[in-house]
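**Q** Top line first, the protein sequences correspond to chains A and L. The numbers in the numbering used here rise by one with no breaks, and the one at position 99 of the first sequence is 99. The numbers in the numbering used here rise by one with no breaks, and the one at position 104 of the second sequence is 1104.
Hints are computed from structural coordinates only; laboratory data are not their basis. Only a predicted model underlies this, so the values are computations on that prediction, with no experimental measurement involved. Think of the CB as a built atom: it goes at the ideal place given N, C-alpha and C, for glycine as much as any other residue. Do not rely on the hints blindly, as some may be mistaken.
Said to hold, decoys possible - Each pair of labels, with its calculated beta carbon distance range:
id	chain 1	residue 1	chain 2	residue 2	range
1	L	1034	A	51	49 to 55 Å
2	L	1253	A	181	36 to 42 Å
3	L	1025	A	210	43 to 49 Å
To be verified - Covered, in the sense of this in silico footprint (three residues per stretch, anywhere, with C-beta under 8 Å from a C-beta of chain L), are these stretches of chain A:
id	segment
4	52–59
5	148–161
2 protein chains.
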Amino acid sequence: MTRVTAVQLAPRVGDLVGNVQRATTALRDALEQGADVVVLPELATSGYVFETEDEARAVAVRPDAPFFAEWARLLGSRPGAVLVTGFAELADEALYNSAAVVTADGVQAVYRKVHLWDRERVFFRPGNAAPPVLDTPHGRIGVMVCFDLEFPEWTRMTALAGADLLAVPTNWPLGPRPEGERVAEVQIAMATARMNHVAIAFADRSGRERGVDWSEGTGIVGADGWLRDSAGSGTGSASADLDLLESRDKGQTELVDLFGDRRPDLYRGLEGAGS
Amino acid sequence: MTRVTAVQLAPRVGDLVGNVQRATTALRDALEQGADVVVLPELATSGYVFETEDEARAVAVRPDAPFFAEWARLLGSRPGAVLVTGFAELADEALYNSAAVVTADGVQAVYRKVHLWDRERVFFRPGNAAPPVLDTPHGRIGVMVCFDLEFPEWTRMTALAGADLLAVPTNWPLGPRPEGERVAEVQIAMATARMNHVAIAFADRSGRERGVDWSEGTGIVGADGWLRDSAGSGTGSASADLDLLESRDKGQTELVDLFGDRRPDLYRGLEGAGS
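Excised from the complex, chain A in its bound form (with noise of 0.2 Å):
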């Protein structure tokens, strides 16, 4: 079995130092409790509410920062942990919203957003490049960022690359919703896994930021579509065991194969040059 925890923190725009804090006293918790995949939101060592580019860059850092290896050597305290954070990454001349997967080893690997939300392309570019999908000692983890998984055509991807848990780090501004309703992009979260049966890990944000709200939607959906937690309003956390690796059973009964009953002869106009 897997522990698999994403927290909700509460970064503060412009507060590098204190956010890295933040995300280093949750980073240790979690694992002293016992988590083996941790994932953190995006943004988490910037914040997100920026107001000019040169805000997001003086919190914008290489993967190279001093706190990366910090991290790295935290995880070194359980065997095979993994962390998946958002961060606002320096890179030559532009920023992006990424993703960094970091282990004992260091950082592994890095996902720039490719579907920027919003505001978010007038302070970062664009990635150019498919959600990483790593081999890890707890399964295969794919990679994606907040608006990322409303986009069914980038998550069948990533679980047909072979993903059997999406870590996503995400900022979900509070949007309106019917009374007893759960968060929209729970519901994205919980349809995306039982349609791919895939497990997904979103770690959302609190903390009111410049006049927004969030979601507060932290959340672990097991790859049968239902959430097994979920971290409720202000800073906390949501945790499952899974076993990810029922993930590759894709056989929904004896005759059903979610995957192998697609039919890509007849799927059209997904893939192109683009705009």
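Starting from the structure of chain A, add chain L where the hints point.
**A** Showing chain L alone in chain A's frame:
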């Protein structure tokens, strides 16, 4: 506004005459209550739990079956009215799990279910064509059947082809779910609606058939992804007044465009020669 009604029927396997009568009554009632678009379940005229192909063949019909003409006549009572219903289709030597689109002018299109579920493949041949998207006075109606809805490629294709409403005859066998949770397929419909900003009407069935119970999940979801009405348990219907043209606005915010933000240049492995 378009009144969309999905009817939850309890067909009986093998009882073609009785099933047609029940469907006729349901259609008449829905039209009298102001429905503009009526959706009936998958295999509404035949029942579902066949034991042999001969059983299915005995209740399979061609689109020139007289009851379609009778339904067209009924539809003439309400200008612009459209019926989408599932039926077992006899075509040359093969049987298909099909859906017919009927207007006052007769059968306008027949869609043959592509993604057959479980033992359906014993009785039916899979379709080989994309869902039809029909231009009607109420907007563009896309048609698929049951398990098709769980293939995100298929729903995305149909939404990209311009569907404002997906009309989905279904028979969802009752599966396990945690206390308090919605039917999993309804969640998939809600997520699909939201990811594509398309309305979805799904007509499920009730009535135990040869030991199989059904989810009784009939409902209408708006393009915003929220459930507008559901039929509840037993026979009945769900109705909602929707402006189907609203589905065409894919702008979630001023800068977000659910279709324009897609990255088809990066989507890979979704289309292909197939098996």
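**Q** Taking the hints in turn, state whether each one holds.
**A** Here is how each hint holds up against the structure:
1. L/1034 x A/51: 49 to 55 Å: holds (50 Å)
2. L/1253 x A/181: 36 to 42 Å: Given a distance of about 20 Å, which is not inside 36 to 42 Å, the answer is violated.
3. L/1025 x A/210: 43 to 49 Å: violated (58 Å)
4. 52–59: violated (count 0)
5. 148–161: The restraint on the segment 148–161 of chain A holds, since 10 of its residues have a Cβ under 8 Å from chain L and three suffice.
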